[in-house]
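Novice: What follows is each chain in one-letter form.
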Amino acid sequence: MWGLTCREDERDTEDALGETFDATAIEAPVSGQFTFPNPPLGLQPKGFVNAHFGPDSSAKSLQFRKGTTTLAFVYEPLTEKDVGGIIVAVDSRASAGEYISSKSVMKILDVSEHMVATMAGGAADCQFWCRTVNKYCNLFELRERSTITVSAASKYFANVLYGYKGQGLSVVCSVGSGSLNAYGILDTYYKPKMSDEEAMSLGRRAIMHATYRDAGSGGVCNLVHITPTKKIRYPGVDVSKLWYEFADEIGRDIAYNPRDD
Amino acid sequence: MDGKYGGYHTNTLNPTCTGTSVIAVVYDEGVAVMSDTVVSYGKSARYKNVTRQYKVNDRVIVAFSGDHADFHTLQNIIERQVSKWAVVGQKLNPSALYAFLTSLMYQSRCKMNPFWNTLIIAGWEDNEDGGKPFLGHITQKGVAFEAKHTATGIASHLLTQVIEDETRDKTALNRAKAESILRRAVELAIYHDCLADNEFEIGVVGKTEKASVHTQKPIIGDWSIAETNCQYE
Amino acid sequence: MSFYQFALIQMALKYDAKHDPLGAMRAFKTAFADVEENPDWRSRRLIERQRWNPYSMEGGSTCAVAGDNFVVVASDTRMTAGEINVINREVDKIHPLSDNIVLTTAGFHGDALQMRKLLETHLHKYRFDYRSNMTVDLCAELLARNLYYRRFFPYYTGAILAGIDEHGKGAVFSYDPIGCIERLPYSASGAAEPMLVPFLDCQVGHVTLSEGTERPKLTLERATALVRDAFRGCAEREITTGDSIHLVIAEAGKPIRHERRKLRED
Numbered sequence: 001m002w003g004l005t006c007r008e009d010e011r012d013t014e015d016a017l018g019e020t021f022d023a024t025a026i027e028a029p030v031s032g033q034f035t036f037p038n039p040p041l042g043l044q045p046k047g048f049v050n051a052h053f054g055p056d057s058s059a060k061s062l063q064f065r066k067g068t069t070t071l072a073f074v075y076e077p078l079t080e081k082d083v084g085g086i087i088v089a090v091d092s093r094a095s096a097g098e099y100i101s102s103k104s105v106m107k108i109l110d111v112s113e114h115m116v117a118t119m120a121g122g123a124a125d126c127q128f129w130c131r132t133v134n135k136y137c138n139l140f141e142l143r144e145r146s147t148i149t150v151s152a153a154s155k156y157f158a159n160v161l162y163g164y165k166g167q168g169l170s171v172v173c174s175v176g177s178g179s180l181n182a183y184g185i186l187d188t189y190y191k192p193k194m195s196d197e198e199a200m201s202l203g204r205r206a207i208m209h210a211t212y213r214d215a216g217s218g219g220v221c222n223l224v225h226i227t228p229t230k231k232i233r234y235p236g237v238d239v240s241k242l243w244y245e246f247a248d249e250i251g252r253d254i255a256y257n258p259r260d261d
Numbered sequence: 001m002d003g004k005y006g007g008y009h010t011n012t013l014n015p016t017c018t019g020t021s022v023i024a025v026v027y028d029e030g031v032a033v034m035s036d037t038v039v040s041y042g043k044s045a046r047y048k049n050v051t052r053q054y055k056v057n058d059r060v061i062v063a064f065s066g067d068h069a070d071f072h073t074l075q076n077i078i079e080r081q082v083s084k085w086a087v088v089g090q091k092l093n094p095s096a097l098y099a100f101l102t103s104l105m106y107q108s109r110c111k112m113n114p115f116w117n118t119l120i121i122a123g124w125e126d127n128e129d130g131g132k133p134f135l136g137h138i139t140q141k142g143v144a145f146e147a148k149h150t151a152t153g154i155a156s157h158l159l160t161q162v163i164e165d166e167t168r169d170k171t172a173l174n175r176a177k178a179e180s181i182l183r184r185a186v187e188l189a190i191y192h193d194c195l196a197d198n199e200f201e202i203g204v205v206g207k208t209e210k211a212s213v214h215t216q217k218p219i220i221g222d223w224s225i226a227e228t229n230c231q232y233e
Numbered sequence: 001m002s003f004y005q006f007a008l009i010q011m012a013l014k015y016d017a018k019h020d021p022l023g024a025m026r027a028f029k030t031a032f033a034d035v036e037e038n039p040d041w042r043s044r045r046l047i048e049r050q051r052w053n054p055y056s057m058e059g060g061s062t063c064a065v066a067g068d069n070f071v072v073v074a075s076d077t078r079m080t081a082g083e084i085n086v087i088n089r090e091v092d093k094i095h096p097l098s099d100n101i102v103l104t105t106a107g108f109h110g111d112a113l114q115m116r117k118l119l120e121t122h123l124h125k126y127r128f129d130y131r132s133n134m135t136v137d138l139c140a141e142l143l144a145r146n147l148y149y150r151r152f153f154p155y156y157t158g159a160i161l162a163g164i165d166e167h168g169k170g171a172v173f174s175y176d177p178i179g180c181i182e183r184l185p186y187s188a189s190g191a192a193e194p195m196l197v198p199f200l201d202c203q204v205g206h207v208t209l210s211e212g213t214e215r216p217k218l219t220l221e222r223a224t225a226l227v228r229d230a231f232r233g234c235a236e237r238e239i240t241t242g243d244s245i246h247l248v249i250a251e252a253g254k255p256i257r258h259e260r261r262k263l264r265e266d
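Residue numbers (my numbering), protein chains in the order written: chain Z, 1 to 261; chain R, 1 to 233; chain F, 1 to 266.
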């Protein structure tokens, strides 16, 4: 009856205060049981995050970092000396809105001994979920005593991400906003059989052209060569330096040179 | 109402009965807090002679601006906290209450169910070197900071700089000087803030004074300037 | 009536699916999205509550520079309400968490306080469990994960974690609001980030210097002087940065030092 009972409000119990804090602060979350806290009142995460952190929000320097151009291709060895394998090449720019919040991001993330993932889209999303897949691969190898196949790992990745469908996660592997430019170069110069040098320079060339034409990409070009036996990381090369190299190659002057009419 | 989230509401996004500014200043051996004694319903001065300062114990005063009903809830919660401490024979000190209320305000904002209050915690912090004055400010979203002087509501726009000019770079204030600054602040507040009132009280807590709230003589102010206002008839 | 029924009716009213299947599909999608956004249990009061902004912005900027055996962390001490009104001139935005870890934040101060409390609790528990202090690398990963755990209700902060790593070198970790982590030689965050970083790029990273220019080695004295200069510049040109600069200097094998300098107060 009205007035006779006093409803115990959530505010009244200080235990509620302790509970929420304990749950996230004291113990590390147990995988499988952990769920990401959603915004209250049944708000849609995607809309909520977009309203407060999106391009139209007042968060100017607090937008999420986003990555862009990454590429990978397979090739066969041309001569006996070459090993062949896969070339993975990426740029290193992370932009937060229009601001370049980092120019030295490592966008090739290790997934296992012989696997890498490249990140494009939400940088934090990629970093976090690649770690999750990495953990799964390690556990798989310990449990099964054999290395996990790439397709199995990517299937797991896809399944995990599907669970968060429609909530605004942004993870794209091996593409990005500069990918169209990179595709152009790749399709022009790609041959199924290449020497290792050729393949690496093709990877770098594609990234370099993508960074020049896509404002969202830039920085240095990181490169990984996965051979049938191992994974070799190459140090980053500044794309501005690459431009001079490639310009030299085709004998073109680097400066803008208008021809006579 | 029924449905997933529409069952009941507990929040105050439409504050009904509100209190306006609170101003507080630290002086050499204590803290003085000023608040007027009117609770407004919209623009009308609905309730007079209502205190907006809550004496927690003889070491702490909590003053609020914002929704009056929410503050009643907060008073209940604080009271319970006091008795919890009393069970172990302890007296709640200002910094502990400040930390507790900060967490509480932050937690309720995380549920998007905020207390529509800005709180000012004034107290005397006992320690080995004889203690020090404590003045904390907490907003409804859980932003908290300690300060030498602070103001809430419209006074934070209107009077913070005035008070700062009066207090900074001078040798320590004493209680009388602090109270006179607050009286000057009230005068400015009634000139500019339509919800402010000239009946007010000053709470004091210090090294020698136990926490107490004193009703002050109303300030009339000087309205002679109104004569020279060309729009005035 | 369920969402589906409602959406179907909407669709049926507008389009004849037989003759204009594409238009019908489009109408269905729009109607469905609309229903999803505004389900029938959303009362007027709930909509109002959902529009409430749980974030506020307290302004200010922070930066950190790492050297061979030291790290310099700096922030201004201004707190603003609504980016305009200066409500406090002496707020600490740098939080030393242990002898070799310093957290510094800009953005929503309530979240910053919560983050500090969270990390302090974790560090405390780590000390309790392992009887040693957490290294800055571990703490950095911990912070990244904790930021990401709030992926759908993020902390509104630009955090920087700095400290001395186990080799005695200075380390600076920079984050975005949801925990994209990167170790950098120097970093800045907050309102004046786009002003601080180019200055540091030039003076610390030497990326914009022309060839043959002298590139002095980064000593502790140079780092502190540069950071002070950077903040003086920001106080001139950024509204929410000013009042005073709070420097925290951590050197390998030495206790953390604090230093305060005046800045413009206007």
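There may be inaccurate statements among the hints.
[Unchecked claim] Listed next, the in silico DSS-like pairs over lysine-lysine satisfying Cα-Cα at most 30 Å (straight line): (1) R:91 - F:262; (2) Z:135 - Z:191; (3) Z:46 - Z:191; (4) F:29 - R:148; (5) R:111 - Z:46; (6) F:117 - Z:231; (7) F:254 - R:84; (8) R:111 - R:217; (9) R:132 - F:169; (10) F:117 - Z:46; (11) Z:165 - F:29; (12) Z:60 - F:217; (13) F:125 - R:91; (14) R:148 - F:262; (15) R:148 - R:91; (16) Z:60 - R:111; (17) Z:135 - F:18; (18) R:132 - F:117; (19) R:111 - F:125; (20) R:111 - F:117; (21) R:177 - F:125; (22) Z:103 - F:169; (23) F:125 - F:254; (24) Z:230 - Z:103; (25) Z:165 - R:111; (26) Z:135 - F:254; (27) R:55 - F:217; (28) F:125 - Z:241; (29) F:169 - Z:135; (30) R:84 - F:117; (31) Z:46 - F:254; (32) Z:60 - F:117; (33) R:48 - R:177; (34) Z:81 - Z:165; (35) Z:103 - F:217.
[Unchecked claim] Which bits of chain F does chain Z cover? Going by a derived footprint, with three or more residues having C-beta under 8 Å, they are: (36) 51 to 57; (37) 174 to 186; (38) 191 to 198.
The hints are simulated quantities; they were obtained by calculation from the structure and are not laboratory data. Beta carbons: idealized from backbone N, C-alpha and C, even for Gly.
Novice: Are the hints correct? Go through all of them and say.
Specialist: Now the hints, each set against the structure:
1. Restraint check: the Cα-Cα separation between residue 91 of chain R and residue 262 of chain F comes to about 39 Å, which exceeds 30 Å; the hinted pair is violated.
2. Between residue 135 of chain Z and residue 191 of chain Z the CA atoms are separated by roughly 35 Å; this puts the pair beyond 30 Å, and the hint is violated.
3. Taken as a hint, the residue 46 of chain Z and residue 191 of chain Z pair is broken in the structure, with Cα atoms around 42 Å apart against an allowance of 30 Å.
4. Restraint check for residue 29 of chain F and residue 148 of chain R: the C-alpha separation of about 57 Å exceeds 30 Å, so the hint is violated.
5. The hinted pair formed by residue 111 of chain R and residue 46 of chain Z meets the criterion: a straight-line CA distance of about 17 Å does not exceed 30 Å.
6. The hinted pair formed by residue 117 of chain F and residue 231 of chain Z fails the criterion: a straight-line CA distance of about 41 Å is larger than 30 Å.
7. Our distance criterion of 30 Å between C-alpha atoms is broken by residue 254 of chain F and residue 84 of chain R, whose separation comes to about 41 Å.
8. Taking the CA atoms of residue 111 of chain R and residue 217 of chain R, the gap is near 42 Å; set against the 30 Å cutoff, the hint is violated.
9. Straight-line distance between C-alpha atoms of residue 132 of chain R and residue 169 of chain F comes to about 39 Å, which puts the hinted pair past the 30 Å bound.
10. Pair hint residue 117 of chain F plus residue 46 of chain Z holds up; C-alpha atoms about 27 Å apart against a cutoff of 30 Å.
11. Using a Cα cut-off of 30 Å, the hinted pair residue 165 of chain Z and residue 29 of chain F holds, with the two alpha carbons roughly 17 Å apart.
12. Proposed proximity of residue 60 of chain Z and residue 217 of chain F is contradicted: the alpha carbons are some 33 Å apart, above 30 Å.
13. As the CA atoms of residue 125 of chain F and residue 91 of chain R are separated by approximately 28 Å, the hinted pair is consistent with the 30 Å bound.
14. The suggested pairing of residue 148 of chain R with residue 262 of chain F holds, with an alpha-carbon distance near 17 Å, which does not exceed 30 Å.
15. The hinted pair formed by residue 148 of chain R and residue 91 of chain R meets the criterion: a straight-line CA distance of about 24 Å does not exceed 30 Å.
16. For the given pair, residue 60 of chain Z sits about 25 Å from residue 111 of chain R by alpha-carbon distance, which is consistent with the 30 Å threshold.
17. Our distance criterion of 30 Å between C-alpha atoms is broken by residue 135 of chain Z and residue 18 of chain F, whose separation comes to about 51 Å.
18. Taking the CA atoms of residue 132 of chain R and residue 117 of chain F, the gap is near 24 Å; set against the 30 Å cutoff, the hint holds.
19. A hinted pair counts as satisfied when its Cα atoms are at most 30 Å apart, and residue 111 of chain R with residue 125 of chain F qualifies at roughly 27 Å.
20. At roughly 19 Å between alpha-carbon atoms, residue 111 of chain R and residue 117 of chain F fall within 30 Å of each other, so this suggested pair holds.
21. Simply put, residue 177 of chain R and residue 125 of chain F have alpha-carbon atoms about 47 Å apart, too far for the 30 Å limit, and the pair is violated.
22. A threshold of 30 Å between alpha carbons decides the hint, and for residue 103 of chain Z with residue 169 of chain F the separation of about 22 Å falls inside it, so the pair holds.
23. A distance of roughly 24 Å separates the Cα atoms of residue 125 of chain F and residue 254 of chain F; the hinted pair therefore holds under the 30 Å criterion.
24. Note on residue 230 of chain Z and residue 103 of chain Z: the hinted pairing holds, with a Cα-Cα distance of about 28 Å set against a maximum of 30 Å.
25. With a C-alpha separation of about 24 Å, the suggested pair residue 165 of chain Z and residue 111 of chain R falls inside the 30 Å cut-off, and the hint holds.
26. Under the criterion of a C-alpha separation no larger than 30 Å, the hint pairing residue 135 of chain Z with residue 254 of chain F is inconsistent with the structure, at around 37 Å.
27. The straight-line distance between the Cα atoms of residue 55 of chain R and residue 217 of chain F is roughly 58 Å, outside the 30 Å bound, and the hint therefore fails.
28. The hinted pair formed by residue 125 of chain F and residue 241 of chain Z fails the criterion: a straight-line CA distance of about 49 Å is larger than 30 Å.
29. Restraint check for residue 169 of chain F and residue 135 of chain Z: the C-alpha separation of about 29 Å stays at or below 30 Å, so the hint holds.
30. Of the pairs offered as hints, the one joining residue 84 of chain R and residue 117 of chain F holds, with about 23 Å between alpha carbons and a cut-off of 30 Å not exceeded.
31. Between the alpha carbons of residue 46 of chain Z and residue 254 of chain F the distance comes to roughly 46 Å, so the proposed pair goes past 30 Å and is violated.
32. Taken as a hint, the residue 60 of chain Z and residue 117 of chain F pair is honoured in the structure, with Cα atoms around 26 Å apart against an allowance of 30 Å.
33. A threshold of 30 Å between alpha carbons decides the hint, and for residue 48 of chain R with residue 177 of chain R the separation of about 27 Å falls inside it, so the pair holds.
34. For the hint linking residue 81 of chain Z to residue 165 of chain Z, the alpha-carbon distance of about 46 Å lies beyond 30 Å, and the restraint is violated.
35. A threshold of 30 Å between alpha carbons decides the hint, and for residue 103 of chain Z with residue 217 of chain F the separation of about 22 Å falls inside it, so the pair holds.
36. With 3 residues bearing a CB less than 8 Å from a CB of chain Z, the region 51 to 57 of chain F meets the requirement of three and the coverage assertion stands.
37. Only when three residues or more bring their CB closer than 8 Å to a CB of chain Z does the claim for the region 174 to 186 of chain F stand; here the count is 9, and the claim holds.
38. With 3 residues carrying a beta carbon less than 8 Å from a beta carbon of chain Z, the region 191 to 198 of chain F meets the three-residue requirement, and the given coverage holds.
Violated hints for the displayed structure, listed by number in ascending order: 1, 2, 3, 4, 6, 7, 8, 9, 12, 17, 21, 26, 27, 28, 31 and 34.
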